[in-house]
Structures are given as structure tokens and as C-alpha cells.
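Protein chains in written order, with the numbering used here: chain A, 1 to 305; chain B, 1001 to 1305; chain C, 2001 to 2305; chain D, 3001 to 3305; chain E, 4001 to 4305; chain F, 5001 to 5305.
In short, the hints are calculated from the structure, not lab data.
Worth double-checking, as some hints may not be accurate.
Simulated restraints on C-beta separations [as the list claims (entries may be wrong)]:
| id | chain 1 | residue 1 | chain 2 | residue 2 | range |
| --- | --- | --- | --- | --- | --- |
| 1 | F | K5304 | E | E4112 | 48 to 58 Å |
| 2 | D | A3238 | C | L2030 | 50 to 60 Å |
| 3 | D | V3096 | C | E2004 | 48 to 58 Å |
| 4 | A | G240 | C | L2030 | 51 to 61 Å |
| 5 | B | G1240 | A | G240 | 14 to 24 Å |
| 6 | C | K2021 | D | Q3040 | 36 to 46 Å |
| 7 | E | K4169 | F | C5020 | 22 to 32 Å |
| 8 | F | K5169 | D | K3123 | 49 to 59 Å |
| 9 | C | L2030 | F | K5169 | 53 to 63 Å |
| 10 | E | A4044 | D | Q3040 | 48 to 58 Å |
Note that beta-carbon positions come from the ideal geometry of N, C-alpha and C, so glycine has one too.
There are 6 protein chains.
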Amino acid sequence: MGAENNSEVTLRNTIEALSCKENIKDVCHLRHHGEPLPSQQSVARIVELCRGLIFPGFFGDSDVNRNNVTHYVGIRCEQLREVLVEQITAGLCFSVKEGKIDLAEIAVSAQEKADQFIANLPKLRELLFTDVKATYLGDPAAISTDEVIYCYPAIRAISNYRIAHELVKLEVPIIPRMISEQAHSETGIDIHPAATIGAGFTIDHGTGIVVGATAIIGNNVKLYQGVTLGAKSFDTDADGNPIKGIPRHPIIGDNVVIYSNASILGRINIGANAVIGGNIWVTEDVAEGEKLVQAKANNFLRFKQ
Amino acid sequence: MGAENNSEVTLRNTIEALSCKENIKDVCHLRHHGEPLPSQQSVARIVELCRGLIFPGFFGDSDVNRNNVTHYVGIRCEQLREVLVEQITAGLCFSVKEGKIDLAEIAVSAQEKADQFIANLPKLRELLFTDVKATYLGDPAAISTDEVIYCYPAIRAISNYRIAHELVKLEVPIIPRMISEQAHSETGIDIHPAATIGAGFTIDHGTGIVVGATAIIGNNVKLYQGVTLGAKSFDTDADGNPIKGIPRHPIIGDNVVIYSNASILGRINIGANAVIGGNIWVTEDVAEGEKLVQAKANNFLRFKQ
Amino acid sequence: MGAENNSEVTLRNTIEALSCKENIKDVCHLRHHGEPLPSQQSVARIVELCRGLIFPGFFGDSDVNRNNVTHYVGIRCEQLREVLVEQITAGLCFSVKEGKIDLAEIAVSAQEKADQFIANLPKLRELLFTDVKATYLGDPAAISTDEVIYCYPAIRAISNYRIAHELVKLEVPIIPRMISEQAHSETGIDIHPAATIGAGFTIDHGTGIVVGATAIIGNNVKLYQGVTLGAKSFDTDADGNPIKGIPRHPIIGDNVVIYSNASILGRINIGANAVIGGNIWVTEDVAEGEKLVQAKANNFLRFKQ
Amino acid sequence: MGAENNSEVTLRNTIEALSCKENIKDVCHLRHHGEPLPSQQSVARIVELCRGLIFPGFFGDSDVNRNNVTHYVGIRCEQLREVLVEQITAGLCFSVKEGKIDLAEIAVSAQEKADQFIANLPKLRELLFTDVKATYLGDPAAISTDEVIYCYPAIRAISNYRIAHELVKLEVPIIPRMISEQAHSETGIDIHPAATIGAGFTIDHGTGIVVGATAIIGNNVKLYQGVTLGAKSFDTDADGNPIKGIPRHPIIGDNVVIYSNASILGRINIGANAVIGGNIWVTEDVAEGEKLVQAKANNFLRFKQ
Amino acid sequence: MGAENNSEVTLRNTIEALSCKENIKDVCHLRHHGEPLPSQQSVARIVELCRGLIFPGFFGDSDVNRNNVTHYVGIRCEQLREVLVEQITAGLCFSVKEGKIDLAEIAVSAQEKADQFIANLPKLRELLFTDVKATYLGDPAAISTDEVIYCYPAIRAISNYRIAHELVKLEVPIIPRMISEQAHSETGIDIHPAATIGAGFTIDHGTGIVVGATAIIGNNVKLYQGVTLGAKSFDTDADGNPIKGIPRHPIIGDNVVIYSNASILGRINIGANAVIGGNIWVTEDVAEGEKLVQAKANNFLRFKQ
Amino acid sequence: MGAENNSEVTLRNTIEALSCKENIKDVCHLRHHGEPLPSQQSVARIVELCRGLIFPGFFGDSDVNRNNVTHYVGIRCEQLREVLVEQITAGLCFSVKEGKIDLAEIAVSAQEKADQFIANLPKLRELLFTDVKATYLGDPAAISTDEVIYCYPAIRAISNYRIAHELVKLEVPIIPRMISEQAHSETGIDIHPAATIGAGFTIDHGTGIVVGATAIIGNNVKLYQGVTLGAKSFDTDADGNPIKGIPRHPIIGDNVVIYSNASILGRINIGANAVIGGNIWVTEDVAEGEKLVQAKANNFLRFKQ
């Protein structure tokens, strides 16, 4: 074999630089003990199976009829349990950065959490159907609840949120975030899985919506595209970094409507039945039943070209 | 076999709850008569085939040269017809919620609609190329019409809209909405397939754009990211639910430009050659040639930190 | 064989119309000399391999441990080089619209560019890790840098931008744009690959962000969802079309924060340490350390329903 | 575009020669009326589903437990019916070379045949299990009936034969032959689907076995590798071609054993309990209980090298 | 919902019959404790990985050069270990028909066996290369050892045998048999994994070869197509069933050649350097260096038609 | 990181042993210059495309009708040329073991060979159809030439042989052997691609057939399963190894029929119209029209058990 050419030298040096111990300390996720890894594919499968169980015949391989619906549900429940146990285990291991992982102990915990999640599926279906009905009734372009279930990105985003939120309640790390980010990618709707959202929740169009981790939303709330329920500012620690875990997002009362591109910021209260107009920046409480609209007169100059 | 363990009991109960007759009434899409089902994959295939036929060599397996272009187009036309017939049939069946489906009659109708759609492909190409040219001429960063066709999400979204709109005109249910939602998911551009849009339509960046079902857009209109052509309010029926089918979105004249995040709401007229500045909330008519800009002076406070 | 039926006639006419020479002149990308074609799949593979090399164990098939990290990196570097050479060649050929392609010459150039790209990977990792750290420190909801690397769409978008920008510097056509549009589609964040962005760049939520081709961004800048760094207007040529290549996007200083839905337009300077409030429309310079906030008092009317 | 090069001329001429009407008359299978086509993949799926239904937990995705076996069987039965109807239809259409295909009529017939096939599955399972038991008892190397079901190519070949034979009895064209050829390819065992074979049939090793279309085999027969149950000669018609459909293969009684590479040729009777030694050529009847062994003494010369 | 139609009744009855408890007792492989299942795909992957490790650059994704061979081998060794542990575990569980499976204990055992298997790979390579060299030297049509490694089905069959035999020595159930049956299916060569075979083993053409479980083959032996090293008869127990585990296949000395379709039956000795002619039936010992040829004179009648 | 465990040590040692330079010299196929590699998948694709071109509508995606057959053939011809050029290049490179590969020169040669191959396809179709007709006429169980084309393994084996033989005539290394081994694996029929075979060739059942590299077969010859046209002995060189390239297989005249398991060995002549009975071992010339049958009387002993 002859001398190395330039390209070979480049490769060798790059490989060395990218894999030497000191360089991979912070950027590499090592697998220590044969534990499963969080997997985008498996997480997507969890959501697909849940959606197929909640709305049989709409998602998954949808060949469902009156005779096989129990068989269909039975097989998918088993499949869901298997992938849930695997990914909950993966999530629990992922968050153990240092120290010994006790895989057997984690697996038992994962099985319990998976069972609790599955036991809750019928309630999850009821809750999601309140969202479907509210969406159908609130959209003049909607033809049927079937169309809403099958086509509306809002239902996709809310489904992922509600599934992820159940896992947050079961204290499963990372997997809920992956579930909500998948909906974020598909729909442009970014709902943090730790947020609390009541029944009959509707979203119109939805792209650009942000709902923060500590937001609390009542029943029958409707959001339009581009709405932010965000933080106004962060309390910072001695190093100037934000302190984690402080309630910092708004509380939205029942029956509130928030129009497109409005930003509601900070731990403020928007009272029940309030209406927030589009493109508004709100950082103070709004009383029950109050209505905020953009001050049109001052908002733009109109002149002939 | 021993007694059931807890996990088995949970599974059994959940399966029972999720599949018992009373619980699946509204949430389950049953297949009654062996009809095909709307399929996201097949719908994506329709779009992919149309795009490969309209812009040969850019999409699909793109190995097209001067000798095989007829063969390439021929094969894809046949494939398109097959999947169109299947999915139009599926759409027609999907919207039959109750009663007997006459599959043979629906299939004949689906074949006619598919033929009409295919007969219109050459005109669809002409129309789409006006969009491509307008995009190329209007974007200083665009290097060639080839780049525009191949890379620009706006062309993807407008292609899906124009394909879906043809199917709306042929009165195909649900499939058009699926086509436009696929573009919405990929590009963040949400154009309702029932909207009417003229030639030379351009979109810049595009994320967050919303065009409502009854909007009418003239020729050579340009929209920037975040623009909403929406409804201002809904007429409601006795139960307080929106009445379906009323014109409620704006009419945009020829050569109008609408800058980023502007919201144009209600059945208003934006006259030809008007310019709407960014971040503006417009709910009243704008005259031909008029220009609206944000009243900057009042818009923000500037101070030293 | 009998006479043609209507459907056959339609197909034949459409095929003829779609493939006749005069009709395909502008809309067809012909392959002249057996050159490779730009491929969305291959471009996605380039990004996936880069991400797997920069953050081993997080992406790709992630089964990395302390013993195999060098092997893992070694194999992926080789695979990356192969697909890079192919797609850089494809990009170089794609931009040759007329005239003879010298495939051998292009291949040599592609190999050199690929080697230069690979040699730069260790620096790319360092740079991206500054983004990860800044994101972790700046987000109260972030649990670990691992979570940031694995789940945050901002890191996906910035990774794609930084990879694409390296290829822009190597004068590779079209491929960088494809890479950034893939991130745009997944995250709603649209960063032009020609933009210049310093270290420690962070994005929160991100949907709807637009960064133009000639924008220059300093170190430790933070953008929120819906922010536009755009052009105000285009210089046009004698035909009224925009002149290509003129600097037209803003210059953002170090440590600037820009809140959600703010639009910064034109070749203006935003001084270091400035803060731009949300939903603001800025078309003039902002001094170092200055803070702009929406004039709330004038912004909306508040009344009881 | 320049003149065609040699390679282009070659391609054009070949395409013309391969597709001109006179040349494709006999070698081309045209699809006239949108009918489904026999598909190797679908036929393989039929066999896989049958095997999964007959031996649950061994084949297909094998995750079967005591709680889900009914669901598993239920889903697979539905899937089997769907693909059976499609492929039986395809088979019925395939054999209609000239004239109008009445797809609706054929579909009804296909559905009836599919239902009859499915109704027979429990009996098919009983029959196949007699083969499994006989194989286990007859092979000193077999560890369990489970191993026989899961690993033995003989069981694969006999399963395919028994499935195909059911379809022969239902007068389904071509599909049975495809099923038996798939087993032939996998195992080297070539059993014509029209042959008649009793219970408790066993095959050892099996490669090279041939069982002809009109062969009749009793209960508890065992064949070793390379055995031929073939035709001795064909009655020919006036043109010297074999007359189709005449019984021309042997009748094998109960409990017969035929050792490796023996050839039994013609419509002869091998009486019950007979034993045929290896490498023998038999063209005359063998009586009940008779034993034929190779005349070793004359068979080879033995000498020192 | 109306009354069931005939087809629905048939399905329901069949599902009931196929899944009721009494009917599935013997034919169903239930999974009791979440254990992995033997998988044809995973077993094929084991063989593919072994072949890629033993002959790098020939099998698997073969992009191996002088710089990456260590990385290539490293990654594949890790992958091999993972799938080996899984499938050895599956094999050990598969053979536990009744009683409690202690998955943790089995997993430890599987890991030890996998490590022992891997430690033996270098020796396995040496042994297989003796087979390659012998094949190349013995076949006038062979062009290079590379061609032998890459194309010869004999090397495929012998590789599978040698891999499977290692697992037999490690007392792994069922997996070895699956490995040898995969080679049997691909090549028509049926070597029982428990057979003992020396170095420099060659097979020509190979279809129809059978080597029994207790056969012992010396060094540098060559077999032609259709050769059987089989059992002559089985000792039977009181029920007339063969007694399992008794030595019943031949012992073949070094340097023996056995020509096509010869059958060597029973626990006899074929002495070193013996030559067995084709189509011969041998049931008695053959001395060292002896040569057996078919008694041609008596073998056929020659006459004019 | 702690000390290595045993398993890690085993892996490290094995990787070292399998990849160190001295150990991989003979067993590793290195890729030196970016050349393509022979690929089983691509070779299978060549055969699939040829079969789809020769028998349109039977193989590949078979949706061929009277309107699209030219398009279908056109696309497949182009695809065939592309994969042929790649694999012929790979084959030419594979056989260059030492020294510099001139890829550009090899590519030109590969393109010429591919064009010659394609130019010959119409003749190949004619020849193969003689085989189909002969098979149909000679088999009483055959229902139509369509069934023969679609289902008969003999046609698969002969197609692969005739395709591979064309490549042998064009002096393409290794690829022909891969093509014939794929048929060998699927059908058990092992025809060396260098053999010469006339028109109207038929095979019945076929498993176990061997046709050697220097065999010459006339027109209208029929072989049954298990027939060997082999070498009797090899001339050896000074080292005792067979001399390569010497004619050593039989010459079979027109209209010869050879029954099952007959072995014809050595460079002998079987005269036209001869008939060779089954299970016979022939090593001497057979005259024109002669008939050889097994001497039944001496062949076995018949007695009562």
C-alpha cells in the first residue's frame, strides 16, 4: 500500500479530533449498560397507536369494521404497552447522567407507568372528543367531526399534547418533550407538555402558537394562529442565568378567545369569557368578560401612493 | 395458566372500554362495504406525481432526458389516474356517513373526475409557471427558475393549493383538504383549497400565512410570512354556533403586496395595486393604489437601558 | 383491440401536451450527461451524518459507547465523504444550465470541497456547542444540555444553518439551500444559509423566524418566535425587478435579544446589548444598549363586553 | 439539442423493437380492464397469514399470548380475507385471455371462494398437525413439535401444498401454482398443488422431491430427498404433443416409505406398507407390504487405487 | 347495524374455532414473560455480520478500504454481540416449554455464550479460508479466491454450517438449526449443525447434499451435488418411534472424494483417501484408499430406437 | 470510566485480531479508488428489468396496457442501461486485483458493453420465447404460455442463463456468475453462464440440474430434474491442481431428452435424437438416435417383508 493521500490524511485527522476523549466529554451521549435509547421512531409509534386506539378507523392501518373493532383495539393495546415500556425505560435511563443504572428496577417502574397510562386511555378519549366537538362547532368551514378528526392539525397537536401531558404526570422524562416537538414540527403549534389545559380546547390554523410550561388554560378556550402564552422575564440567579421551575406563564380562564398573533406574557390572569384581539401585547391582568381590541386609529397611516 | 396479573387486568379493562359499542359511536370510522379509505400516503403520491408531471426531472425519480420525457410522462399519467380514481372514490365514500354506499356508481363518478383532472394538467402547468416566474423575478436571492421550482417552499404550497383547488371544483370531498394540510405541515402555509387565487401568485418565506376558504385573490399578488386573510367574526345560528358557508374572507385585487404579519379580516376589498405594511390589522376596505403603513411614531418607546 | 375510449383519449392528449418539446422548455430539468442529481434524501443524509458526528450517540443509530466511539466516528466520516462528493457534484452540475458539463473536472472540485468541509467538522462542533450551552443557560425549562441537543428544534435549525453555511463558503450551489429548507420545513425557522451568525446563538420556540441572506448576527444573540430580519425594500432594475446581491438585511450586534414577532427590516444596525420588544416594526438604527418596547398605552382599547 | 449519439440510437431502436405491436403479441400480458394482477408478494402474504393463523405465535409478528390470541386471530382472518379476494379475482382474470372480463361477477365469485377457504382453515390446521406429529415422531434429530413447526422445510412445503390444494379444489387458477412454486424455490420440494395427499405426510430433507399433478398419496407416507413420483411417458396427440389431463402419476398406499432418490414413474400402484429403497427406478406395481432394495452386489465395483 | 351476512358469520366462526383454548394447545407458541422470540431476520443478520467480519469488503455494505477496516470491524462486532445476545436468549427461552423462565439468569448465560462465540471468530476465519482455498484449487472454473468467496453457494453453506456448529458447541438451542436451514433454502445443501467437519472442506454445485447430525468428516473432503451422508435405519423404542441421539451417520476419513448422488448410509467408516463414485448406494465400510465405481456394464441397456 | 470488563476485553481483542494487516491480506476485498462494487441487489435488478422488457406485464410492476407499453419499455430500457453500466464497471474493477484502476477507461468500456447488450434484447426475447413454447408443448400440466412465463422456475433459470451468457460473450467478469447463482438459489438449477445452449431448451422440475462451463447443448433439448452434464475428471498440473479452461463437459445434440438424475460426464458426444433414461451414469459417446435405459432386471431385489 502506498503513502496516504491528502484526503486520507484529512479523514484520519478529523476522525481523531472528533473522537478523542477530551473532545467528546460534553457532546456525546454514551450508552453504558445496554439500556434502550429514546427513539424518534418509537415515540412517533406511541402517538400513532394512541391515536388509532382513541379514534379507531381513522389512523394506523384503518381497516376497522363492526366485527373486528375489539380485535383491532386489543392488538394495538398490546403493541402500545410494549413500546411504552421500552421508551419509558429509555427516558428514565436518559436522565441518569452519572452513576449506576439499575435496569431491572427501572423496568419495573416503567411497566407500572405504562399500565397507568393505558388505564387512562378511555378518559383521554373522552377529553379529546370534547376538543373535536368544540372545533367542529367553532369552524364554519368544518363539514363533520370526522373531517376534524382526520384532517385538522389542531387535533394532531392537541392529541400529542394530551398524550405527552399524561406522561408528564407519570414523571416520565424526555419522552413527553419529544412527543410535543413532533407535533410542533408537523403543525407549527408548540405546546409545552407540562402546561395544564381544560376540556373543549380549540385552535384555529395554529401555526406559530406557543404555550409555555407553566401556563394554565381553562375549559372551552380558543386560540388562533401565532398566539403566544409566554414568559415576560425570567428571575435570574447569581450568575445571571434564569432560575428554573418558577411559574411564569399566564392563567387563562374558561371560554376565553385569543385572536391571531396576540402575545400574553407573564404570570397574569385572563378572566373567564374575556376576548383578546389580534396582534396585541398583553402583560397585565384582564378582568372576567373584558374585551381588548387593537387601537386601530393609531395603528397605521393610510395614504395614496 | 395462572391468575391474571394486574397488568393483564388493566389491558383487558381498557380494551373493553375502548371498543364497546356505546363508546365508539362518534370516535370510530367504520368501513362498511370494502370501500377504499383516504390515505395520507396515497394523497402524498398524487401530489408527487402531479409535481413530476408538471415539472419533469425535478421531482419523483428525476432521471429524465430528451429521449425519455414522453415515456416518463406517459407512465406517470397512468399511475396518477390509478391513484386518483382510488382516492376520489375514498373521498366520496368518506363523506357518506349513513346509508348504503353504491360503490359501482361512485367508481364511475370517480373515473370521470379523474379524467377531468388529468385533462386540466397542461393548464395547471401554465398557471404554476406564472407563479414560478413571479417568484424568481421578485426575490433578489433567487438564482434561477430551476432553483425556485426545486427548493422554494412557496412553490410547494402553491402547487398543493392549485392541485387541491382543481379537486374542489370537481366536488371531491376531504382529499383537497388533506392535500392542503400536507403543504401546511411542510411549509407552515395554510391556504384553504376552496380559496380563489389568480396567476403570478408569490409568497416570501411563508411560515404562518393563512388564506381562508372564501378569500378571492387577484393576479400578481405577493404575500409575506405571517399574513392572515381571515374572517373577522362569524354569523351564528340560534345555538350560538357559526353558520357555515357564508363569504367571510377578504377580496384582494391585482398586484397587491401584503407585508409580514399583516392581518386582513372580514369580507372587505383590498383594491388593485394597494400595499399593506407589516404587522397591521385591517378590517375595512382599502382603495385601489392605497398604501397602509404602521404608525411607527406611536408604535414603540425607545429608551436607554 | 377496439376503439379508444374517452379516458384513453384524455390520457393520450394530456401526455402529448405535457411532453411536447415546446411545452417542456422551461419547466423540465433534463439530465444531459449521466451526472448525479440533487436529492432530498441524500441531503438529509448529509445532515444526519454531520449531526451524528458532532453529537455522537444522540442521532443516527445511536449505539455508542466508550469503546466504539472511534469506530463509529470513522465509519460515519467515510460515509459522509461519499455522499458529500456525490451531492456537491450534483449541485455543481445543477447550476450548469447550458453547455457541456466536464464531469471529471467537477468531480475533482467536489472532492476538494468535501475534504475541506470534513476538515472543518471539529470547529463546527465547537461552535454548535456554544449554541447548545447558551440555549441551556437561557431557558428555565431546559433540564440538561443533553435534552437541548436531543429535543430542541432550535438546535436542529442552527445545525442545518451552520452546515449549510460551510457549504456556501465553499461555493457549493443549491445544496445549502436544500439543507436550510429542510430545517425550515421541520422547525418553521427560515435562516438563509448565506447569512453570517456568531457563536452562542439561541432561538426560543422559533416558528416563523426569518433571517435574510445578507443579515449579519454577532455573538450571543437570542431570537424569539416570529422574528424577521428582513429587507425593507429592493432596489429594482430598469425592468422593475429587484437587483440581486445587494446587502439589504440588518446587522445585529453582540448580546442583542429580539422578542417575538418583531420585524427588523433593511440594512440597519442594531447595536450591541440592545433589546427589541415583541411585535415591533423597526426600520432604523438602534444604538448600543438601547431598549425598544411597544407603546402599550396606545396599543389597544380595553372595554367591558 | 445536438445529434443523437450511438447509445441513444441503440436505445431508441431497441425500445421500438421491443414494444411494436407485432412483437409483443405473445410475450406481453396486457391488463385490459383495471383488474388486479397476480402478485408474488400478495401470494406470499396469503401463505404467511395462513401459517400465522394455523400456528399462532410461530410465524408473522409472533407476539402472541394467552390474552391476545383471539384478537391476533381475528385481525389476521380479516387481512387474509382481503388479500384472498384480491388474488382470487386476479387469478380468475388472468386465465381469461380473450373476451370481456365481467369484473363484478368475478368479484362475487372470488368472495365466495375466499369465504369457503376461510371456513376450512380449522380443518386445515388439524390436517397439518398430523404432518407435524408424524415428522416429530419419525426424526431422531427432532427435539419438539415446536422445532418441527418452526424450522423444518418439509412443514413449509407441506403447508404451501395443503393451502394451494384447497384453492385447486375451489377452482382458482394460477394462484395455487404460484404458492407451490414459492415452496419449491425455498425448499427444493416440488409438489404439484393438484396432487392428492393424505394425513400424516412426512418428508425428510426434501431437496429434489417431485410429486406430479395426478399423484395420489395415502396416509402416513414418508418420502426422502430426491424422490420422484413422476410420469413415465405421455400420450401424445396427432401433432406429437402430450395430451393434457390424463392420470399419469403413481398411486401410493398408506404407510409407504420411499427412500432417497427413488423414482416411481407412471400410473402404477405402490401397495400399502410397501418400502422402496433408495436410488431405485420403479415403473411397475408393487404389492402391499413388498420391499424393494437396490441389488447392491451388482451395483458397484470395489478396488484398490 | 343490520344482521350479519354470511361472510361475517363465516369469519366469526372461523376465528372462534382457531382461537379457542382447546384448539390452540399444541399448535400455538405463546410468549409468557416478555422474552424475545427467535427471528428469521435476526438470525440472517447474525450470519450476515459474521460473513462481513470474516470476509470484510465482500458482504454487508462493503465499502471497506485500508483506512477504515478497523472501524468497520469494530462496529460490526458490537452489532453482532447485540443481536447474538438477543437471539441466544430467544433460543434458550424457546426450549423452555413449561415452567417459569428466569429471564435475568438466561440473559447472563446468553452474554457469556455470545462473548465465547465472538472470541472464536478469528479461528473461524482461518478455518473458512482453508475451505475457500481448497475450493479454488479444486475447481477448474474458479478464477480467484475472491470469486469463490463472493459467488460460490458452497462457501455460503459451509459458512452457515461453521457458524451454526459453534453455537451447537455452546449449547444454544434452535438458533443453529435456523442458520443451517437458511443455507439449505438458499443453496439446497442441508448440513446438520451438529455434524463434525474438518478443514479444507469443499462442495461442488451442492444442490441436494445431505449431511446428518452425527456425521464426522475429516480434512480435505470433497462432496458433489446430491450426496447423502445419511442414516440407514433407526433403532426404535417400544412404541416404534426412533430413539433420539444415537450415532447413525457415517465417518468420512481425510481426503475422501464422493461423487454426485452417492448415498453413504449408516454408522460406517469411509477410510482416508477413498473415492466413492457417483449414484452409488454404500452401506458398508470402505477401506483406506479404496475406490468404488458404478458397475457400468450392468447399469443400463443400450439400443437403437 | 472504570476498568474494562471481560466482555469489553473480548471485543477489543477480537477486533484487533480480525482487522490487523497480516490477517486480512487474503480474506478482505478492499476498495481502492471509489469504484462501484458488485451488488447482489443491482444484479437482481438487472435480471428483473430484462424480464420486464422481454415479457412486459408479467414482471416488475406489471401495469401494462396497449397504450402505455412503449412508455413502459422506454423507461425500463433507460433504467436497465444505468444499472448495467454500473455493474459492468463493478465487474471489470472487481477482477483487477493489483495495480491501478483506470476508472474512466473502464467506464467507457462498460458503456459500450451495456449498449451491445441492450441492442441484443430483441433477439434474446425471440430465443426465450422458443423456450417458452417448447415448455408449454412438452408439459401436459401446462395450461397456457402465460402460465409458463409467469410461474415456471425453468423459465426463470433459463432467462438468467441467457442474460448471463450474453454478458459472458461481452467478456464481463463475475456479474454473469452472480446472475446464474441467483437462479441456482431460487430454482436449484445450476447452469454455468459460459455453457452454450440452443433454442427451444426445456427443463422439467429442474431441482438439482447441473450444466458445466464447457457444455454445448443443441436445439430442442429437454432435461429432467437432477441431470448432471459434468466433468469426468480433471487434468491436473504439476501441483496436482486442475488445469483451468480445458473442454471437459459433454456435447448434447439436437432433440435429445435426458431423464431425471442421469449423469453425463466428460467431453463425450450425445448424438441428436438420443434418449437417456433416468438414474444412469454415462461416460462414453452415445450415437444419434440411440436410447439408453436402466437395466431394471438387475437393479433391485424385490421381496416380501
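To see whether the hints hold, each was checked on the structure:
Distance hint check for K5304 (chain F) and E4112 (chain E): the Cβ-Cβ separation is about 57 Å, which falls inside the suggested range of 48 to 58 Å. A C-beta distance of roughly 59 Å is found between A3238 (chain D) and L2030 (chain C), which places it inside the suggested range of 50 to 60 Å. A hinted range of 48 to 58 Å is violated for the C-beta pair V3096 (chain D) and E2004 (chain C), which are about 21 Å apart. Checked against the hint of 51 to 61 Å, the pair G240 (chain A) and L2030 (chain C) passes, with Cβ atoms roughly 58 Å apart.
At about 50 Å, the CB distance of G1240 (chain B) to G240 (chain A) disagrees with the hint of 14 to 24 Å. Judged by the Cβ atoms, the range 36 to 46 Å given for K2021 (chain C) and Q3040 (chain D) holds: they are separated by roughly 40 Å. A hinted range of 22 to 32 Å for the beta carbons of K4169 (chain E) and C5020 (chain F) is consistent with their spacing of about 26 Å. Checked against the hint of 49 to 59 Å, the pair K5169 (chain F) and K3123 (chain D) passes, with Cβ atoms roughly 54 Å apart.
At roughly 34 Å, the beta-carbon separation of L2030 (chain C) and K5169 (chain F) lies outside the given 53 to 63 Å, and the hint is violated. For the hinted restraint 48 to 58 Å between A4044 (chain E) and Q3040 (chain D), the CB-CB distance of approximately 20 Å leaves it violated.
Hints 3, 5, 9 and 10 from the list above are not met by this structure, while the remaining hints are.
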